[in-house]
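J.: Below, each chain spelled out in residue letters.
There are 2 protein chains.
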Amino acid sequence: MSDIAKGDELPALQVHLTRADLVRYAGASGDFNPIHWSERIATGAGLPGVIAHGMLTMATAGRLVTNWIGDPTAIRTFGVRFTRPVLVPDDDEGALVDITGVVGEVTESDGARIARVDITAKFDGKTVLGRASAEVRLPS
Amino acid sequence: MSDIAKGDELPALQVHLTRADLVRYAGASGDFNPIHWSERIATGAGLPGVIAHGMLTMATAGRLVTNWIGDPTAIRTFGVRFTRPVLVPDDDEGALVDITGVVGEVTESDGARIARVDITAKFDGKTVLGRASAEVRLPS
Chain F
0 MSDIAKGDEL
10 PALQVHLTRA
20 DLVRYAGASG
30 DFNPIHWSER
40 IATGAGLPGV
50 IAHGMLTMAT
60 AGRLVTNWIG
70 DPTAIRTFGV
80 RFTRPVLVPD
90 DDEGALVDIT
100 GVVGEVTESD
110 GARIARVDIT
120 AKFDGKTVLG
130 RASAEVRLPS
Chain G
0 MSDIAKGDEL
10 PALQVHLTRA
20 DLVRYAGASG
30 DFNPIHWSER
40 IATGAGLPGV
50 IAHGMLTMAT
60 AGRLVTNWIG
70 DPTAIRTFGV
80 RFTRPVLVPD
90 DDEGALVDIT
100 GVVGEVTESD
110 GARIARVDIT
120 AKFDGKTVLG
130 RASAEVRLPS
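Line order of the protein sequences matches chains F and G.
Using numbering that gives the first Met the number 0, you'd call the opening residue of the first sequence number 0 and step up by one each time.
Using numbering that gives the first Met the number 0, you'd call the opening residue of the second sequence number 0 and step up by one each time.
Be a bit skeptical, because a hint or two may be false.
Because identical chains cannot be distinguished in the list, a pair is counted as satisfied if it fits within a single copy or across any two copies.
Think about it this way: if two alpha-carbon atoms lie no more than 25 Å apart in a straight line, the pair counts; the simulated DMTMM-like pairs of lysine to aspartate or glutamate are [stated by the list, open to error]:
#: 1; residue 1: 125; residue 2: 70
#: 2; residue 1: 125; residue 2: 109
#: 3; residue 1: 5; residue 2: 104
#: 4; residue 1: 5; residue 2: 107
#: 5; residue 1: 121; residue 2: 2
#: 6; residue 1: 5; residue 2: 70
#: 7; residue 1: 125; residue 2: 92
#: 8; residue 1: 125; residue 2: 90
By construction, these hints were calculated from the structure, which means they are not laboratory data.
Computed from a predicted structure; not experimentally measured.
Chain F with its partners taken away, still in its complex shape:
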């Protein structure tokens, strides 16, 4: 990890989010809003269908970084803009989310090397998170 430099690409991640995943996430997070499990209520609220919890999409995008760095406690900051919902169809495949990332900058802070990873999450060819980035403390 000592040779990590600006421009490095992280191993890409493809994740299927199914309605069963959303139900599990509802139970784990305590967010039982029915737009995440009821087609009727989601469409009634003007959405095209059931959508993933934004925080589940965000957590999934974060997995790109933890998979890469190994140690989840190395992640210092994480922020995103929720730009588009991930629409989850009622089938076994679910929604395919493509996650990629690149090292945008490597800096020094208090003797530690910090990498800023810029993350792109796409669903159906469009980005669903904007300005998504995490700061990671690199192993010395």
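Mind docking chain G on chain F? Use the hints.
T.: Same frame as chain F, but now just chain G:
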């Protein structure tokens, strides 16, 4: 919601995170790192014990904002710094996390009113998330 102004405090939230919650969150998020369920491995890694997934703490803090605004899709951005882990004891009570928030700023953007909510999450009297804030589109 039209009278929301800088300085407004959100209704506070107290959440118990138990080890069972962490196990649920592991299954929902796909993050099965054993520091979130094994005392042996957590202490072997130099941690004082089993710690909550940072993204679970973050999602819990986000619930303060969704509870307040009602519509989860109104949240435009969300970012935190992971400053301290939440240590989850092996009992029925779990870790008590205190979440509070205040409207830090209200701005106009493209005709919409946007509130920046500054969030404080505390465990054992200490903040566990730094620079935690969310931008929320206010109903017109």
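J.: Checking an output row: residue 125 and residue 109, CA cutoff 25 Å. Within, between, both or neither?
T.: between (38 Å within a copy, 22 Å between copies)
J.: With identical chains, the pair residue 125 and residue 92 could be close in the same copy or across copies; at 25 Å between alpha carbons, which is it: within, between, both, or neither?
T.: Only inside one copy: residue 125 and residue 92 sit 18 Å apart there, 42 Å across copies, limit 25 Å.
J.: Taking 25 Å as the upper bound on the Cα-Cα distance, should residue 121 and residue 2 be classified as within, between, both, or neither?
T.: neither (28 Å within a copy, 36 Å between copies)
J.: With identical chains, the pair residue 5 and residue 70 could be close in the same copy or across copies; at 25 Å between alpha carbons, which is it: within, between, both, or neither?
T.: within (20 Å within a copy, 38 Å between copies)
J.: Since the copies are identical, ignore which copy is meant and state whether residue 125 and residue 70 lie within 25 Å (CA to CA) inside a copy, between copies, both or neither.
T.: This pair counts as between: shortest inter-copy Cα distance 23 Å, intra-copy 30 Å.
J.: Is the C-alpha distance from residue 5 to residue 104 at most 25 Å within one copy, between copies, in both cases, or in neither?
T.: within (5 Å within a copy, 34 Å between copies)
J.: What label fits residue 5 with residue 107 when the C-alpha limit is 25 Å: within, between, both, or neither?
T.: The answer is within: 13 Å in one copy meets 25 Å, while 35 Å across copies does not.
J.: Within a copy, between copies, both or neither: where do residue 125 and residue 90 come within 25 Å Cα-Cα?
T.: This pair counts as within: shortest intra-copy Cα distance 21 Å, inter-copy 44 Å.
The structure does not agree with numbered hint 5 stated previously, though it agrees with all others.
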